[in-house]
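Participant: Chain residues, written in single-letter form:
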Amino acid sequence: MSAPAVKDHPIHRRWIGQSMKRVEDPRLLTGRGKYIDDIVVPNMAHAAVLRSPHAHARIKKIDASKARALPGVLLVLTGAEAVEQTGPLPCFANPPVAQYCIAVDRVRHVGETVAAVVAESRYIAEDAVDRIEVEYEPLPVVVNPGDASTSKGDAVLHPDRGANNIAHQRTLTFGSYDEDMRSADVIVRRKVRWPRSGAQPMETVGAIASYDEGTRKFTIYANTSMYNYVGWLMAVSLKIPAHKLNIVPTIAGGSFGSKIFTHKVLVLAATLARACGRPVKYVEDRLDNMTSCDNHGSDRIYELELGLKRDGTMLAFGMKVIDDYGAYLQFGVGHHGNAAAQLTGPYRIKSARIELTAVFTNKCQQGAYRGFGSEVNNFALERIVDAAADELGISPVEIRRKNFIQPEQFPYKIPTGNVYDSGNYGAVLDKALEMADYDGWRSRQADARKQGRYIGIGLASCQERSVFSSTEFWFWNHEPGFALTSSPESVNIKIDPTGKAFVTLYSPFWGNSPETMATQIVAEQLTIDPSDIEITYADTDQGLMGTGPGGSRYTVMIAGAIAGAATDIKRKLFKIAGHFLEASEQDLELRDGRVSVRGTDRGMTIPEIALQAYYFRLSLPDDCNSGLDARFTYDHPYTTQPNADRTDLGVFYPIMGHMCHIPIVEIDIETGQLTYLKYVAVHDCGTVVNPMTLAGHVRGGTVQGIGSTMYEHFYYDEQGQLVTANFADYLIPTLKEAPPNIEVGHVVTPSPFTEYGIKGGGEGGRMGVPPALASAVEDALRPFGVKIDTLPITPMKIRDMIRAAQQRKG
Amino acid sequence: MEQVQLTLTVNGTRYSRPVEPRCLLSDFIRHDLGLTGTHVGCEHGVCGMCTVLIDGQTARTCLTFAVQVDGAEITTVEALGTPAKLHPLQQAFWEKHGLQCGYCTPAMLLTAVELLNNNPNPTRNEICEAMSANLCRCTGYQTIVDAVESAAAAMKGEAR
Amino acid sequence: MKPAPFQYVRASSIDDALAGLAGHGDDAKVLAGGQSLIALMNLRLVRPAVLVDINRLSDLAYIRQENGTLAIGALTRQSAVESSDVIARLCPLMAEAIRFVGHRPIRNRGTVGGNLAHADPTSELPAVAVALGATFVTRSQKGQRTIAADDFFVAPLSTTLASNELLTEVRIPVWPAGQGWAFMEVSPRAGDYALVGVAATLRAADGVCQSGRLVYSGVGPRPIRVAKAEQALVGCSSGEATFREVAEIAAGQVEPSSDFHATADYRRDLVRALTRRALMVALDRCQKGA
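Chains as they are written, first to last, in my numbering: chain A, 1354 to 2163; chain B, 4 to 163; chain C, 309 to 598.
Chain A extracted, bound-state conformation (with noise of 0.2 Å):
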């Protein structure tokens, strides 16, 4: 596929850019949402699982007697038992990596389902948790990711893949890396530590699986996400044909990435329901989300280089990066595939070299959050460009500025072979250093200093790439395995015999808007009143293809595939109203919810049309069916395949939006604690649908990377226990380490590519924060000559550093 044509963008729009309330809001607002815990089913019991206290053990004997003897236990499940019916999950690493929602043989972290029970309420199915006894014999823990390499004999956690705990190892290479080092005046190098943080949502994952013995089939009631693009790999591990499981999607309560797919928690429901002949209800607690979720955040130790000339310019960057994956792979090296998005962010790098090496070790598996790898990235280049700036005494406006891909240069291939297809960057850093009076702040950080107070204006200029394409999740595969392609999104559009319209949708609702973007688009598109407009979710039964929100490609995605939709019908509307109007079709318009002669006042409103199209077949032109209704699937706009020996990536994440983060802060030298005296986000995410939701994406995902910045931590102790396993030890922020005033800027640079020009947003404001902020803490703590280069940056650690630099000056 080559470059689709550049699309033209109507200018006159009556709802796309307007700030409407949501459609969401009402239900949510008065307790009336239904998310999965609010589902009941009749005749529903309850599940609790049992959960490894070790890191890395081999299950000897399970004795669950005294567990099933309890009254109200209805089922008592262990591994053994469990695979004796339900295979292996889902997993989309090649070669695939083993895993089972109970742990069969051999736990790998600490949280592992060993067992799972079933009975009348959660209560007592905690209770007969307590009540099975295990036999474990401790394995040998691994919990730094260096050790992975030379792990041997009963430390491999997956010897079936190879002799240590290497998960996936690969180097590539984009362009003439070696030779454009070699010409290089400075080369800057700078080792950075990102370590795991998770997205936790305030609702956990939860799934209600009825089995029906008649026709022989599931029904699955599920936060998840991803039930229209891959659910049916769920009935492969239950071992059933793809038609006999339904999954009905429920609500989300905020997922971040980490409900694309909830597999575990499905089979799990879904095994325990076929064996205890009810319907089972296993919602994860708290404690099972944190130990146990499939989505901890990236985990990664980089060496990174930049080569550059001595007037700044930059011409290559590389990095060795170590990732700790946990215990299993589910998502194969995918975070990898999609940092390769913008691995070279905003700057016109010539050639670029990932060394990867993705590790096995004792704790939970990685998964999807906000970012899926890119925001990693984002810190990575970002720190070095900073350290190249301090080492060439260049400002950190000034080397970013000197080294943008210009306005003109676009669509852009940056050295992966990924494309970009718009955007303005010096707009955007403008517009965001007047609205932070940057300046300004320069110099009152200067009169701060000499009273001893310690300002920091920190500066980050990020790439926040929208709409993946799937190829991201296997290229990095020495053998990709199922190699697909596509990730379409699909909507189905009816308009009823009195003009209403009814959208169904085949993604959830997980926090995102698509009932506000899809009302929002439908009425620009047919002119039909939003409050006629109702939206609805299909379950995989009635399911067309949809990938699902994630990569920030929801809202472009809908929008083109209700564009695709909406044609088909103003084209029937057209042909029936031109029909009773006698006139052609060429002089008809669509407007305000009427066909019209143009220049006439002749004409028909849309219900006027859909009582015909519905109910008078035989006054309708010959070629008519019955009926006003169409359907439509979206595929990506533009994606191309990778090529053999992965020194060209192809186009997978081509609409590429653009934000630069400026806070300042002061930090308390003597306690190290951060305020926030200004911040300031200014994004290009294309063409805005509504205004007000994009800046809620901005500031929340803003706050999440505060918190990944500045508090979060899973942090495993070196016999691989969760320290931080509950809300009171992982540190999400709460409104008082929120900065006050996020202030929100938008520069507006159409994709040529999408459907009104709209760009992703919704993962941007976590992509750009902890540059942003690392950079801040270190220009406040210039004095000291402090460097930023691992996260997150407590109090405790910044006065460690402070401590560091005053006891080696003496």
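Just so you know, the hints here were simulated from the structure itself, not pulled from any lab data. Check each hint, because a few of them may be wrong.
[As the list claims (entries may be wrong)] Distance ranges between label pairs, derived from CB positions:
| # | chain 1 | residue 1 | chain 2 | residue 2 | range |
| --- | --- | --- | --- | --- | --- |
| 1 | B | ALA156 | C | ASP334 | 36 to 44 Å |
| 2 | A | SER1972 | B | MET158 | 32 to 40 Å |
| 3 | A | ASP1882 | C | VAL394 | 34 to 42 Å |
[Claimed, not checked] Pulled from the structure, derived: some chain A residues nowhere near chain B, Cβ distances all over 12 Å:
| # | residue |
| --- | --- |
| 4 | PRO1406 |
| 5 | GLY1946 |
| 6 | ARG2052 |
Even glycine gets a Cβ: it sits at the ideal position worked out from N, Cα and C.
Please arrange chains B and C on chain A, whose structure you already have, making use of the hints.
Facilitator: Quick look at chains B and C alone, frame taken from chain A:
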């Protein structure tokens, strides 16, 4: 399992039910009474999702046994307004985009109800102090503070 | 995350409560506000066989002045302390400290007695009680006794309260005129348990410190009073230079331990910073009061 007879008023309706002493008030409200607007986030008292009003005061229902509130008057989000007729706080949260996934919203609303009952003219700092009791993972909080500020102004207008 | 079963006793009088506790030893626990206890029970880290609910003992919820003493009933909710004019007047240090206890919904349920009896060494009220020389009135079936705050706290979650004994009242000398105060703490997030907290009082006149108290949370197994630092105040000029020296002494005297959230070094840093700052505020209040 031993059960205790519990009588209490929830949103103006009197209920009398046998409960196990260990039943958390959050579970009683959600599962025994079917009022699922009160959510559960952490069950160890940090996140605040399960907040309701007990005799007009906010409380974490995951840190309260149902048996403790015998005779009490409980207010949950279901008592505030309906989609057709929103409470001014709900209206303000809607207008200011004070919610995204909506999971923390009932707790946030009830926390704001208590605040405005005690202090109809809160400063922005006082709003921040009160609303910091609950986590929100979506909004970044700013629009929640905006919403409470705006509702306070609207409710004053109403009272006049 | 649900608690294990327990036998529930709803006490309708103090005697009732004491009868409920009797004979069960450590297997019985008092349920007051439950804001710490129930979290631990939900995690099944604590599994009392018997829970004696004292929430009906409304005659244990009071704040009153009695002959130069402030008496606070053990069942007084923390939010009642927060909004009490009597506390603001007679015990401003407690009024300042109470706002650091969790968040409002926690304080609406949590009680003064429950917080003290729980004896979390990072908690605010134990440090305040020690700083102000509070005495605790307790009851058992054997009768009543009083325990000095300094003798009450033993170790994390451990006090000299017997398992069959109920804390009924906290007695604090009413605030002496002209005494300054400050409570400060640093916690990982707003409302979290403190990494370090300091309860400080100060009397100064004519530019000279006469006496002061410095009690810390988060730096030991119980509230830690640093007598050496207090002594260093006496007779010195009241001002930043002295407070800086005193803070240094305090930081040198405490022996905090390290955990995931704070190393001993960091806790000492906080002791140093908070001591000086608290004394500065206390001095200011002392001067304004005088």
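Participant: Next, verify each hint and record whether it holds.
Facilitator: To see whether the hints hold, each was checked on the structure:
1. ALA156/B <-> ASP334/C: 36 to 44 Å: 54 Å, violated
2. SER1972/A <-> MET158/B: 32 to 40 Å: Once the Cβ atoms are compared, 56 Å apart, the range 32 to 40 Å for MET158/B and SER1972/A is violated.
3. ASP1882/A <-> VAL394/C: 34 to 42 Å: 60 Å, violated
4. PRO1406: Nearest chain B Cβ is 18 Å from PRO1406/A, so the label holds.
5. GLY1946: It holds; GLY1946/A is separated from chain B by about 25 Å at its closest Cβ, greater than 12 Å.
6. ARG2052: 4 Å, violated
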